[in-house]
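Visitor: Join these two chains into a complex; the hints should help.
Here's the letter readout for the chains.
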Amino acid sequence: MRGLLAVIALDLKRLWTDRVRLIVGLIQPLLYLFVLGSGLGANSLMGGGRYLAYIYPGVLGLSLLFTSVFAAMLIVFDRQVGFLKAILVAPVPRPAIGKVLSGAIQALVPAVVLLVFMPLLGIHPSYLRFLGLLGAMAMAAITFSALGVATAARFKSTTVFPIISNAVLLPMFFLSGALYPLADVPHWLKILAHFDPVAYAVDLMRGALLGTLFFPLWLSIGVLAGFIIVLTWLATRVFASGEDA
Amino acid sequence: MSELHAAIETHGLVKNYDKVEALRGVDLMVNVGEMFALLGPNGAGKTTLFSILATLRKPTAGSATVLGRDVVRERSAVRQHMGIVFQEPALEQKLSVRDNLLLMGLFYGLGLKAARARTGEILENLGLTDIATRQAQKLSGGQKRKLELARSMVPNPDILFLDEATLGLDVDARRSFWAQVRQFVRSGRTVFFTTHYMEEAEVADRIALIDKGQIIALGKPSELKQRIGGGVILLATEDDPRAFTWLTEQGYKPEKSERGILLVSAEPAAILPTLLTSMPVKTLRAEVHEPSLEDVFLTLTGKALDSSEAMPAKPAFTIGAAA
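Residue numbers (the working numbering), protein chains in the order written: chain A, 7 to 251; chain B, 428 to 750.
Everything labelled a hint here was simulated from the structure, so no lab data went into it.
Hints may be right or wrong, so weigh each one.
What the hints assert, rightly or not - Here are the simulated lysine to aspartate or glutamate pairs, EDC-like style, with alpha carbons at most 16 Å apart: (1) B/521 <-> A/24; (2) A/162 <-> B/515; (3) B/485 <-> A/250; (4) B/446 <-> A/250; (5) B/652 <-> B/632; (6) B/639 <-> B/448; (7) B/571 <-> B/597; (8) A/19 <-> B/526; (9) B/485 <-> A/24; (10) B/647 <-> B/629.
Excised from the complex, chain B in its bound form (with noise of 0.2 Å):
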């Protein structure tokens, strides 16, 4: 482990489903102990990329390591060091949560003792134990999340995938989620993660923007920022297809999203008064703010991340009233 530099490495990963291309060459390289993001949309490749990193599916054409070892003909030894949060609950519902973290040790190999401690253990560190005799299914959902993540602690992996690990959950499960992911990764050790948060990506050491089973974009959040340079507006007006449509005859590259027009632009402070006096429709509110991840993908590909509940980046100022 000491001299491997590569967590996970994929080399022209294809996936076909009949016609279908999922993957369409992936090239990835996950460093030991970083912090790994994969963002895209619905349909972009991400759950079947997560699906061939956890060894649940097998690439159609090209190759993929995990911790040095190949995913599908090492399949048992990437299993035996890595660790997965799924997105749906993977808990045996009427089981008790101490219940939950020793099967799943016997299902690790470990002996009824050793599974025991390992129960006892993961229970103490994730503050679990004073819930251990409760059965999973009378658990809330930030507890259920946590367990999930205990289970994923009980081979103690080298490597943590989660796939939509917080979604659904409030503020304050989710970031007590991560406390427990960050002391994971200060320990050395790495996770692949895919989120709908932007604010969870931003917490990531590298991001990967995958787009049409392809990555479009990879590097730290701040360098994926700056590739689009500049800022922001979020225009927001009394006829957002009329404005949409001027914006574009005047040469401008508009974006449509939830929250209205998205306009990229290197001086957005200085075009903005030009932008508030010449549109033919009433502006009722524009916001200027440094470009976030989704700006980001807005930009690379025109259409947006499956963000509904992202948090919006906070605006540098804003003019009018909340639309």
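Only chain A is shown next, with the shape it has when bound in the complex (with noise of 0.2 Å):
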């Protein structure tokens, strides 16, 4: 257990250290939420104020995705320079469960900066409701981040990594229903953000914010769950099986 914590110390006093990496990650979520919210919300059935209501969710999301996956490029950088060896040969039972719950925590620290932005948009939920939040958040978090470091554990280039978790990521965020109701979009598109965890994570978070769900609760929780088991099994093989990775 201490050498888990050790791990979530480690990793959070270098995020303490790099400072700019907070800043910087709350500027796409308040462009996605101000800029294109209120663009898109202009021309929205919905209205301009109730549409960026709708995507604060969806930003949310967007904001865990992002920062827990590319928390997980810590990995990547240092296999690379090899302080990855160092944790590898500490007698840290599991060290990729450690790497999974650092990435959830790097990344509510933004998600939660975000939520004072909630009265502005005329979101004032219930204390029921903020935990429901609150509680969907971890979860997203945690999944995301297990992707992250599930994905980054097999890499050896910080060159790569970025450009294919791009490639993978703004699809699963656009595909999520973060900036639309996926009530009404094709029928094709429903099928494909069946297997897309970030939607069921929005979901979630839309759910226990404004009471409005796409998926069954017991649906989103089970996938979620689901992603997270295999996900940090898969992690935690890969840093297992040491520099035969």
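Guide: Below is the structure:
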């Protein structure tokens, strides 16, 4: 347990020494929320204000997704410079779990900062809904972090990893219904959304905050839990194989 | 620990990467309290063997134990008792010297208080207290290596693995590094190391020479040198390829090296005058010296170690100007 906490402590210490990463991490979601959201919202049947509130959980999802996956890029960097070996030879049982949790915590920091914008968008959730949102955010963060760690653990180049992740993450985000209701999209898009973990995470957050769900609650929780278990297991296997990976 | 004789033991260790056989049945025993060097050229299997012993890779076949524990089945127990200095920097560059050590203490399961105490102890022992608050990235090359060594000492290891640990350091920094390592060995613990520098390997109690995935020679440095006997003549001529061909035609077994032509002989001083007068090319420089580990390797394998920066053995005598 101490070893796992050490993995988390190391990454949080690094985040603290690299605060620019935190600030830059806020820019993209704010742009989506206030620039893209205002532009699209002006032409939305929902009306500008309601549209911004509607995409707000999607923007939280965007922030969590990109921050957690890019936090995992440190693994690739560490492997490239040799630092990962120091972690691998330490007697830490399943360091991948520590990496998943630390990535999730790193992703939650800017997402929690985004919560202060809720009143500006006219969102005033009850305490219960707010707690539900925090729970959904935590689950989303762990899922995305597990996705990042399981992927990053297999990469050896810091040049290739961001290219691949961007190529995968953006389609995942656009498919998720973060910016539009999945109920109104063509059938083929609905089918694709069923394979996208981001869609379940965003739906869970939207359900907690606004009370509207596209997927059944049990399905979203089940799918995200399944993703967490499978991806963390895959990441653990890669870490356990050391330099043979 | 007191009844354990073998710090490292391998039996028929094999490692394949697809179709490449990196290790082809390595049998090795390193005694507790021994300073043991592994020498070999690039691609010989050195790093693979090191990685398996350090629990970073699994063997394809065979077995290996470190301090009596299997490196695959008891990996975690092995890790608890070993310290490692890698060739590449394994430090978090943005953290201070103290924080790097502190975090390593936490990685090894120490509580925060114990990790702080251990960090203070190591900083003191290795003379790093003055730079404890400095970021790792702002240290000199020698200081970084010292910090790497300090990092490896955090778990208070019984065995220390050093992989080309002093590569790129100047002579003073290397000397200082090895002084700390020797202090570690004096406490009865084991050091297993690979190195580029022959003079570093000379301080080992025993050396294993590895080539093409197999141990080709093992023994004390003096024993290895005795294996080729006599001495070595190093010749630098106006036309080395021609001299090489001529020597081969005369029945000698010359070897090419970066510094000229090497000739191992039972009585080098006796044959040198004949060579100098008979060779069809002008000799610029001739040296006779005792065999070095480089010569041993060259004789056994017909190729040189990766020793471009290695110090040549001091010649017994030299004829001619520097080439």
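Visitor: Which of the stated hints cannot be reconciled with the structure, identified by number in ascending sequence?
Guide: Going through the list in order, the structure violates hint 9 alone and respects the others.
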